[in-house]
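Starting from the given sequences, assemble the full structure and let the hints guide the process.
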Amino acid sequence: MQRNAYLLCRKVAVPLMRARQMSVGHGLTTVEVDDKSGIAILTMNRPPVNGLNLELLQDIKTSIDTIESNKSRGLILTSSSNSIFSAGLDIMEMYKPDKDRVRKFWIALQDTWLSLYGSGIPTAAAINGHSPAGGCLLATACEFRTMLPNFTIGLNETKLGIVAPKWFMATFLNVLPVRQAEMALTQGKMFTTDEALRVGLIDSVTENKSAAISECQKFIQTFEKVNPFARSLTKQQFRQKDLQQFEDERDNDLEAFLFFINQPSVQKGLGIYIESLKKKAKQ
Amino acid sequence: MQRNAYLLCRKVAVPLMRARQMSVGHGLTTVEVDDKSGIAILTMNRPPVNGLNLELLQDIKTSIDTIESNKSRGLILTSSSNSIFSAGLDIMEMYKPDKDRVRKFWIALQDTWLSLYGSGIPTAAAINGHSPAGGCLLATACEFRTMLPNFTIGLNETKLGIVAPKWFMATFLNVLPVRQAEMALTQGKMFTTDEALRVGLIDSVTENKSAAISECQKFIQTFEKVNPFARSLTKQQFRQKDLQQFEDERDNDLEAFLFFINQPSVQKGLGIYIESLKKKAKQ
Amino acid sequence: MQRNAYLLCRKVAVPLMRARQMSVGHGLTTVEVDDKSGIAILTMNRPPVNGLNLELLQDIKTSIDTIESNKSRGLILTSSSNSIFSAGLDIMEMYKPDKDRVRKFWIALQDTWLSLYGSGIPTAAAINGHSPAGGCLLATACEFRTMLPNFTIGLNETKLGIVAPKWFMATFLNVLPVRQAEMALTQGKMFTTDEALRVGLIDSVTENKSAAISECQKFIQTFEKVNPFARSLTKQQFRQKDLQQFEDERDNDLEAFLFFINQPSVQKGLGIYIESLKKKAKQ
Chain A
1 MQRNAYLLCR
11 KVAVPLMRAR
21 QMSVGHGLTT
31 VEVDDKSGIA
41 ILTMNRPPVN
51 GLNLELLQDI
61 KTSIDTIESN
71 KSRGLILTSS
81 SNSIFSAGLD
91 IMEMYKPDKD
101 RVRKFWIALQ
111 DTWLSLYGSG
121 IPTAAAINGH
131 SPAGGCLLAT
141 ACEFRTMLPN
151 FTIGLNETKL
161 GIVAPKWFMA
171 TFLNVLPVRQ
181 AEMALTQGKM
191 FTTDEALRVG
201 LIDSVTENKS
211 AAISECQKFI
221 QTFEKVNPFA
231 RSLTKQQFRQ
241 KDLQQFEDER
251 DNDLEAFLFF
261 INQPSVQKGL
271 GIYIESLKKK
281 AKQ
Chain B
1 MQRNAYLLCR
11 KVAVPLMRAR
21 QMSVGHGLTT
31 VEVDDKSGIA
41 ILTMNRPPVN
51 GLNLELLQDI
61 KTSIDTIESN
71 KSRGLILTSS
81 SNSIFSAGLD
91 IMEMYKPDKD
101 RVRKFWIALQ
111 DTWLSLYGSG
121 IPTAAAINGH
131 SPAGGCLLAT
141 ACEFRTMLPN
151 FTIGLNETKL
161 GIVAPKWFMA
171 TFLNVLPVRQ
181 AEMALTQGKM
191 FTTDEALRVG
201 LIDSVTENKS
211 AAISECQKFI
221 QTFEKVNPFA
231 RSLTKQQFRQ
241 KDLQQFEDER
251 DNDLEAFLFF
261 INQPSVQKGL
271 GIYIESLKKK
281 AKQ
Chain C
1 MQRNAYLLCR
11 KVAVPLMRAR
21 QMSVGHGLTT
31 VEVDDKSGIA
41 ILTMNRPPVN
51 GLNLELLQDI
61 KTSIDTIESN
71 KSRGLILTSS
81 SNSIFSAGLD
91 IMEMYKPDKD
101 RVRKFWIALQ
111 DTWLSLYGSG
121 IPTAAAINGH
131 SPAGGCLLAT
141 ACEFRTMLPN
151 FTIGLNETKL
161 GIVAPKWFMA
171 TFLNVLPVRQ
181 AEMALTQGKM
191 FTTDEALRVG
201 LIDSVTENKS
211 AAISECQKFI
221 QTFEKVNPFA
231 RSLTKQQFRQ
241 KDLQQFEDER
251 DNDLEAFLFF
261 INQPSVQKGL
271 GIYIESLKKK
281 AKQ
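Sequence order for the protein chains is A, B and C. For the first sequence, the working numbering assigns the number 1 to the initial residue and increments by one for each residue that follows. For the second sequence, the working numbering assigns the number 1 to the initial residue and increments by one for each residue that follows. For the third sequence, the working numbering assigns the number 1 to the initial residue and increments by one for each residue that follows.
Derived from the structure by calculation, the hints contain no laboratory data. Errors might be hidden in some of the hints.
No copy is singled out in the list; a pair is fine if it fits within one copy or between any two copies.
[Claimed, not checked] Quick list of in silico lysine to any residue cross-link-like pairs, SDA-like style, CA-CA up to 20 Å:
1. Lys159 - Lys225
2. Lys159 - Gln237
3. Lys225 - Met183
4. Lys166 - Gly120
5. Lys159 - Leu233
6. Lys241 - Lys278
7. Lys279 - Thr152
8. Lys241 - Asn252
Written out as structure tokens, the structure is:
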């Protein structure tokens with residue numbers, strides 16, 4: 001049917017990558033499409049920790065949209081780092097923020113999530129490193145998760161003195177049982193790879209990045225005999241309640257974030273946290 | 001209390017069956033009421049595969065209503081076939097459909113589900129054969145499921161190029177964890193008996209049909225010391241959100257189905273599928 | 001931050017207890033605050049079975065509010081009995097009820113639940129005895145449950161000929177998978193300690209009351225490094241849907257209860273039940 005669309009490039013997606021990078025201009029992600037499988041690998045590449053700043057979010061969002069419009073047969077999200085999947089939101093976007101930029105930053109986060117959680121094509125996360133907060137959000141927005149041993153994943157917002165937005169929670173609850181989700185969210189729990197597997201936060205453990213990519217490909221190939229259009233509608237219908245609630249509340253969510261981030265106590269807390277990170281870095 | 005109402009017939013429900021068959025006139029189901037237990041067995045009997053066409057659906061719906069109004073103490077849904085519980089919607093109802101009939105067909109499916117999912121009495125499925133799509137819908141609409149070994153069950157709509165309606169999904173989600181449900185629905189996964197047990201899609205495995213019927217009776221008898229009126233209200237309150245959402249959307253659901261089924265691409269797909277079935281049948 | 005507020009009393013919370021007992025006046029609960037941990041133990045003390053009558057409910061509610069306003073770091077709910085956590089609603093409040101009192105009674109139950117389920121501080125139940133119906137409601141309204149061996153817990157309303165209100169169900173569903181919840185609610189199932197653990201209705205089994213209290217303290221201490229304000233908002237956001245639905249329906253819920261309880265058949269049923277309890281007591 002539309003499968004010829006998947007086979008655009010014989011070499012590993014060079015034309016696509018160039019096209020995407022040109023249009024975005026930040027160069028913080030790469031996209032490779034395997035011309036045999038039609039599956040795209042989207043790699044976050046903002047050293048050292050894939051902190052989600054405005055530009056990285058914009059690049060992820062644009063990459064997702066490009067992959068989808070190119071009729072790729074699936075999307076694998078991973079990281080160029082060998083110890084961090086993504087450290088979550090870049091705290092520097094929130095500390096003493098520029099008024100316009102911080103607004104764009106949050107909207108970019110919302111848009112990225114919307115593209116990923118609502119994506120029509122199969123999505124899988126190859127979690128090749130730690131994945132707290134926003135990193136966990138991206139991983140749980142995918143349809144499948146495999147993770148390398150001895151890393152951690154979770155929505156640890158309460159430990160940072162903040163509250164995970166409702167749509168973070170909805171994404172989490174699309175994966176975890178309600179009992180586990182409430183406990184993890186209130187505790188700000190970071191699960192080890194083994195704990196994450198046991199509780200269902202990830203679907204499998206893989207020994208290294210290449211095995212993780214293979215595992216994600218295997219998941220995406222479970223849809224080989226599935227009608228892509230029916231699949232896409234099914235997924236969107238399944239996630240519709242969450243997507244609808246997000247749309248209904250996204251303006252409020254933005255204002256709530258901006259209000260919160262501008263509280264003196266929050267700014268003070270962020271300042272202390274940044275100082276402690278600097279000290280750690282020096283040690 | 002009202003238990004004498006259960007004991008209408010000394011012989012195996014012959015009067016009841018006749019009454020029902022007379023009123024319905026299609027003869028595609030049988031109902032037996034055990035006069036000791038007061039439990040009714042509703043058997044789908046449209047060879048070869050219990051394809052859910054207009055008449056079978058009407059008979060199932062009428063049988064459910066009759067069983068309920070006769071104050072039976074429980075309903076066991078099963079099949080007269082020894083390899084198929086129900087093969088799901090009869091594809092011939094949807095291929096080059098008569099305009100009036102296909103509308104009645106979908107309404108009959110909606111009504112049947114509504115009667116079964118919202119039934120006040122305990123319901124159990126003795127799944128004595130394969131149970132894809134609409135067959136799985138009927139099984140999951142019951143309160144309990146036991147299944148014979150080496151068969152398959154699931155909502156495999158995406159594999160057929162169609163989308164399970166929202167109320168199919170709601171019924172599925174009343175049984176399976178959200179994580180398992182999303183994966184199964186997008187994959188159009190058919191679970192083997194063993195897989196179905198592991199994931200919770202069925203409650204037990206039984207060796208043969210008679211053991212399955214006994215298992216269902218045992219489940220229904222767990223309500224022996226339960227007030228039937230309180231039980232019925234509890235079940236309806238528990239399922240109210242799904243039932244309410246269905247009522248709110250049933251007209252849209254009908255129109256969406258009719259629109260979908262009349263798409264040339266869908267008709268073409270159905271045609272190809274029917275040809276492939278014919279070829280298989282000849283082999 | 002606000003942690004000095006937790007350390008109000010050097011001796012075991014005597015001032016707090018006195019203050020609370022004075023303001024309430026029924027003396028059916030005690031509150032002890034450990035000055036080292038800042039954790040409050042709220043003990044229901046209405047022998048012989050902690051039947052939830054108007055006064056006990058008022059005392060529990062007032063105790064919760066006092067504990068919360070004193071910035072305690074957590075609340076442990078337990079019983080002074082060594083065989084009953086709480087036997088649930090006091091049936092005598094519902095049998096031939098005084099019109100004004102029975103209204104106050106139900107409102108007190110609603111308020112108590114609202115305070116406990118919506119409490120900002122960590123809550124845990126040390127279930128040191130049987131915990132049917134209203135007892136199970138209080139236990140599941142907490143964030144964590146540990147239970148002593150060889151007791152039973154569950155929402156057994158259907159066995160008593162009544163229907164657990166929607167907010168009982170919502171509380172139950174915040175703990176149990178939907179499949180387990182529906183079966184348990186319709187069956188009016190009382191789970192043994194072991195069964196409750198297996199299904200997830202409790203989180204752990206502890207050998208005796210003192211071990212149960214320790215286990216609850218351990219749970220509450222998992223929040224030690226969590227920002228209390230962020231934690232509280234996270235919990236309330238997580239439970240918001242249930243809390244909102246309750247607020248929307250609480251007036252209807254009250255009227256439905258009053259209507260139901262005044263049915264002659266219900267009064268008759270309660271009368272028979274009370275007689276049977278009296279006979280048992282004499283044996």
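Against the structure, the hints come out as follows:
1. In this homomeric assembly, Lys159 and Lys225 come within 20 Å of each other (Cα to Cα) only across copies, at 6 Å, whereas the closest approach inside a single copy is 44 Å.
2. Taking CA atoms no more than 20 Å apart as the test, Lys159 paired with Gln237 passes between copies only; the shortest distance there is 16 Å, against 34 Å inside one copy.
3. Proximity of Lys225 to Met183 under the C-alpha cut-off of 20 Å is restricted to the inter-copy arrangement: shortest distance 14 Å between copies versus 38 Å within a copy.
4. Taking CA atoms no more than 20 Å apart as the test, Lys166 paired with Gly120 passes between copies only; the shortest distance there is 17 Å, against 22 Å inside one copy.
5. With identical chains, the CA atoms of Lys159 and Leu233 are at most 20 Å apart between copies only, with a shortest distance of 13 Å across copies and 37 Å within one.
6. Proximity of Lys241 and Lys278 under a CA criterion of 20 Å is satisfied in neither setting, with 42 Å inside one chain copy and 40 Å between copies.
7. Proximity of Lys279 and Thr152 under a CA criterion of 20 Å is satisfied in neither setting, with 22 Å inside one chain copy and 53 Å between copies.
8. Proximity of Lys241 and Asn252 under a CA criterion of 20 Å is satisfied in both settings, with 17 Å inside one chain copy and 17 Å between copies.
Of the numbered hints stated above, those contradicted by the structure are hints 6 and 7, listed in ascending order.
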